[in-house]
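Build the full structure now, drawing on both the sequences and the hints.
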Amino acid sequence: MELRALNYFYVVANESNITKAAETLHVTQPTLSRQIKQLEDELGTKLFARGQHGITLTNDGRLLRHRAADILGLVEKTELEISRNDQFISGEIRLGCGELKSMNQLATSMSEFRHLYPEVSFHMHTGAASEIKDRLHQGLLDVGLLMNPTDLGDYNSLELNEQEKIGVLIAEDSPLANLDEIHAKDLENVPLIMMNQLMVRNSVINWLGDFYSSSNVVATYNLLYNAALLARTGAGVAFGLSLDSHFEGVVFKPVAQEIKSKSFLVWEKQRQLSSTANAFIEHVRNTK
183 MELRALNYFY VVANESNITK AAETLHVTQP TLSRQIKQLE DELGTKLFAR
233 GQHGITLTND GRLLRHRAAD ILGLVEKTEL EISRNDQFIS GEIRLGCGEL
283 KSMNQLATSM SEFRHLYPEV SFHMHTGAAS EIKDRLHQGL LDVGLLMNPT
333 DLGDYNSLEL NEQEKIGVLI AEDSPLANLD EIHAKDLENV PLIMMNQLMV
383 RNSVINWLGD FYSSSNVVAT YNLLYNAALL ARTGAGVAFG LSLDSHFEGV
433 VFKPVAQEIK SKSFLVWEKQ RQLSSTANAF IEHVRNTK
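Numbering (our numbering), first residue to last: 183 to 470.
There's no promise every hint is true.
Taking lysine to aspartate or glutamate pairs in the EDC-like style, the calculated list, with each CA pair at most 20 angstroms apart, reads [as the list claims (entries may be wrong)]:
id: 1; residue 1: K219; residue 2: E205
id: 2; residue 1: K283; residue 2: E313
id: 3; residue 1: K347; residue 2: D368
id: 4; residue 1: K228; residue 2: E197
id: 5; residue 1: K451; residue 2: E464
id: 6; residue 1: K347; residue 2: E281
id: 7; residue 1: K219; residue 2: E184
id: 8; residue 1: K444; residue 2: E313
id: 9; residue 1: K444; residue 2: E344
id: 10; residue 1: K283; residue 2: E341
id: 11; residue 1: K367; residue 2: E440
id: 12; residue 1: K259; residue 2: E184
id: 13; residue 1: K259; residue 2: E301
id: 14; residue 1: K444; residue 2: D333
id: 15; residue 1: K451; residue 2: E341
id: 16; residue 1: K444; residue 2: E281
id: 17; residue 1: K442; residue 2: E344
id: 18; residue 1: K442; residue 2: D333
id: 19; residue 1: K283; residue 2: E440
id: 20; residue 1: K442; residue 2: E281
id: 21; residue 1: K259; residue 2: E274
id: 22; residue 1: K367; residue 2: D392
id: 23; residue 1: K219; residue 2: E197
Taking CB as the label site, the calculated pair distances span [stated by the list, open to error]:
id: 24; residue 1: E258; residue 2: T308; range: 16 to 24 angstroms
id: 25; residue 1: N384; residue 2: E341; range: 17 to 25 angstroms
id: 26; residue 1: Q320; residue 2: P357; range: 43 to 51 angstroms
id: 27; residue 1: E261; residue 2: K451; range: 21 to 29 angstroms
id: 28; residue 1: R244; residue 2: K367; range: 41 to 49 angstroms
id: 29; residue 1: K347; residue 2: T201; range: 48 to 56 angstroms
id: 30; residue 1: E341; residue 2: Q454; range: 21 to 29 angstroms
id: 31; residue 1: S303; residue 2: N468; range: 16 to 24 angstroms
id: 32; residue 1: G321; residue 2: L411; range: 30 to 38 angstroms
id: 33; residue 1: A461; residue 2: T415; range: 44 to 52 angstroms
id: 34; residue 1: K347; residue 2: G233; range: 48 to 56 angstroms
id: 35; residue 1: M306; residue 2: L411; range: 17 to 25 angstroms
id: 36; residue 1: E205; residue 2: G226; range: 26 to 34 angstroms
id: 37; residue 1: R249; residue 2: D392; range: 43 to 51 angstroms
Because the hints were derived from the structure by calculation, they are not lab data.
Every residue, glycine too, gets a C-beta built ideally from N, C-alpha and C.
In structure tokens form, the structure reads like this:
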């Protein structure tokens, strides 16, 4: 499969229109149609369903579009790294992070690094820990920010200063919102909205103790914003990290006997990083 053909397919998939895609790619429509047909023949499957109202992706087409985004992004990243002068700190650093308070420290380091090296840019991807690890393994990210990862065997790591604290988001009109802190017994028979991340979830379950058996988990989530919206309706209280963000209609309450975790900047041991990414890691290390 040629990269040019993959790029042609990706543009057509995003435009959902051969004519518009041809204009974007500066090729003729017959040439583009022929390239797509050759790609379908090579893969032995239809990538587009063609109808009176245009084209739509088939299931195989949707899968290829997802993979194409990763492949083309990795190619672009590699080209930039190879073409860059090793004596000049420049280029893109790809960072994966969860919604963590320690992002405050990392954001400060990013700003300082940009001030030192104006030719550097950052691409930030927010996701769950499992997704960040996958993207690190695939080479789509240079470094990741993870909360207390259980297995650091495959990674080099740098512990950050900020500790992550878990509490609960509660609707403002809930009686629980009047409490200074939340005890496990306060949540007996209260609907719960829990994090997807297994390690954090287990910490919450241990904190709840015997009261967990009478609890009702009504939803799980991977990013906090949507969980806050659900908590605002009164559908449940959401366990989450203490962030500087304010969510309208909900209040954050700390839990008694705080649940704390550390955060780490991690990068794969077996992957060669660009000198720019290595310089950034050293900057974080020296300024933490």
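So, going through the hints one by one against the coordinates:
A distance of roughly 18 angstroms separates the Cα atoms of K219 and E205; the hinted pair therefore holds under the 20 angstroms criterion. Note on K283 and E313: the hinted pairing holds, with a Cα-Cα distance of about 19 angstroms set against a maximum of 20 angstroms. The straight-line distance between the Cα atoms of K347 and D368 is roughly 19 angstroms, inside the 20 angstroms bound, and the hint therefore holds. Of the pairs offered as hints, the one joining K228 and E197 holds, with about 17 angstroms between alpha carbons and a cut-off of 20 angstroms not exceeded.
With a CA separation close to 15 angstroms, the supplied pair K451 and E464 stays within the 20 angstroms bound. At most 20 angstroms may separate the alpha-carbon atoms for a hinted pair to count; K347 and E281 meet this at roughly 12 angstroms. Between the alpha carbons of K219 and E184 the distance comes to roughly 13 angstroms, so the proposed pair stays at or under 20 angstroms and holds. For the hint pairing K444 with E313, the CA-to-CA distance comes to about 19 angstroms; that is within 20 angstroms, so the pair holds.
Straight-line distance between C-alpha atoms of K444 and E344 comes to about 7 angstroms, which keeps the hinted pair within the 20 angstroms bound. In summary, the hint linking K283 to E341 is supported, as the alpha carbons are separated by about 13 angstroms, within the 20 angstroms threshold. Among the hinted pairs, K367 with E440 is consistent with the structure: their alpha-carbon atoms are about 15 angstroms apart, no more than 20 angstroms. Between K259 and E184 the CA atoms are separated by roughly 18 angstroms; this keeps the pair inside 20 angstroms, and the hint holds.
For the hint pairing K259 with E301, the CA-to-CA distance comes to about 15 angstroms; that is within 20 angstroms, so the pair holds. At roughly 13 angstroms between alpha-carbon atoms, K444 and D333 fall within 20 angstroms of each other, so this suggested pair holds. The straight-line distance between the Cα atoms of K451 and E341 is roughly 16 angstroms, inside the 20 angstroms bound, and the hint therefore holds. Straight-line distance between C-alpha atoms of K444 and E281 comes to about 13 angstroms, which keeps the hinted pair within the 20 angstroms bound.
At most 20 angstroms may separate the alpha-carbon atoms for a hinted pair to count; K442 and E344 meet this at roughly 10 angstroms. At most 20 angstroms may separate the alpha-carbon atoms for a hinted pair to count; K442 and D333 meet this at roughly 18 angstroms. A hinted pair counts as satisfied when its Cα atoms are at most 20 angstroms apart, and K283 with E440 qualifies at roughly 15 angstroms. Pair hint K442 plus E281 holds up; C-alpha atoms about 15 angstroms apart against a cutoff of 20 angstroms.
For the hint pairing K259 with E274, the CA-to-CA distance comes to about 8 angstroms; that is within 20 angstroms, so the pair holds. Taking the CA atoms of K367 and D392, the gap is about 9 angstroms. The hint holds against a cut of 20 angstroms. Proximity of K219 to E197 is assessed by CA-CA distance (about 17 angstroms); at most 20 angstroms being required, the pair is judged to hold. Look at E258 against T308: about 20 angstroms separates their beta carbons, and that is inside 16 to 24 angstroms.
At roughly 21 angstroms, the beta-carbon separation of N384 and E341 lies within the given 17 to 25 angstroms, and the hint holds. For Q320 and P357, the Cβ-Cβ distance of about 47 angstroms falls inside the hinted range of 43 to 51 angstroms, so the restraint holds. For E261 paired with K451, a C-beta distance near 24 angstroms keeps the hint of 21 to 29 angstroms intact. Evaluation of the 41 to 49 angstroms hint for R244 and K367 yields a pass: the beta carbon distance comes to about 48 angstroms.
Between K347 and T201 the Cβ separation comes to about 54 angstroms, which falls inside the hinted range of 48 to 56 angstroms. Here the CB-CB span from E341 to Q454 is close to 23 angstroms, well matched to the stated 21 to 29 angstroms. Look at S303 against N468: about 21 angstroms separates their beta carbons, and that is inside 16 to 24 angstroms. Remark: the range hint 30 to 38 angstroms for G321 to L411 is upheld by a beta-carbon distance near 34 angstroms.
Remark: the range hint 44 to 52 angstroms for A461 to T415 is upheld by a beta-carbon distance near 46 angstroms. Between K347 and G233 the CB atoms are about 53 angstroms apart, so this pair conforms to the stated range of 48 to 56 angstroms. Taken as a hint, the range 17 to 25 angstroms holds for the pair M306 and L411, whose Cβ atoms sit roughly 22 angstroms apart. Checked against the given bound of 26 to 34 angstroms, the beta carbons of E205 and G226, roughly 29 angstroms apart, stay inside it.
Range check, R249 to D392: about 47 angstroms between beta-carbon atoms, so the 43 to 51 angstroms window is met.
When each numbered hint is compared with the structure, no violation occurs for any of them.
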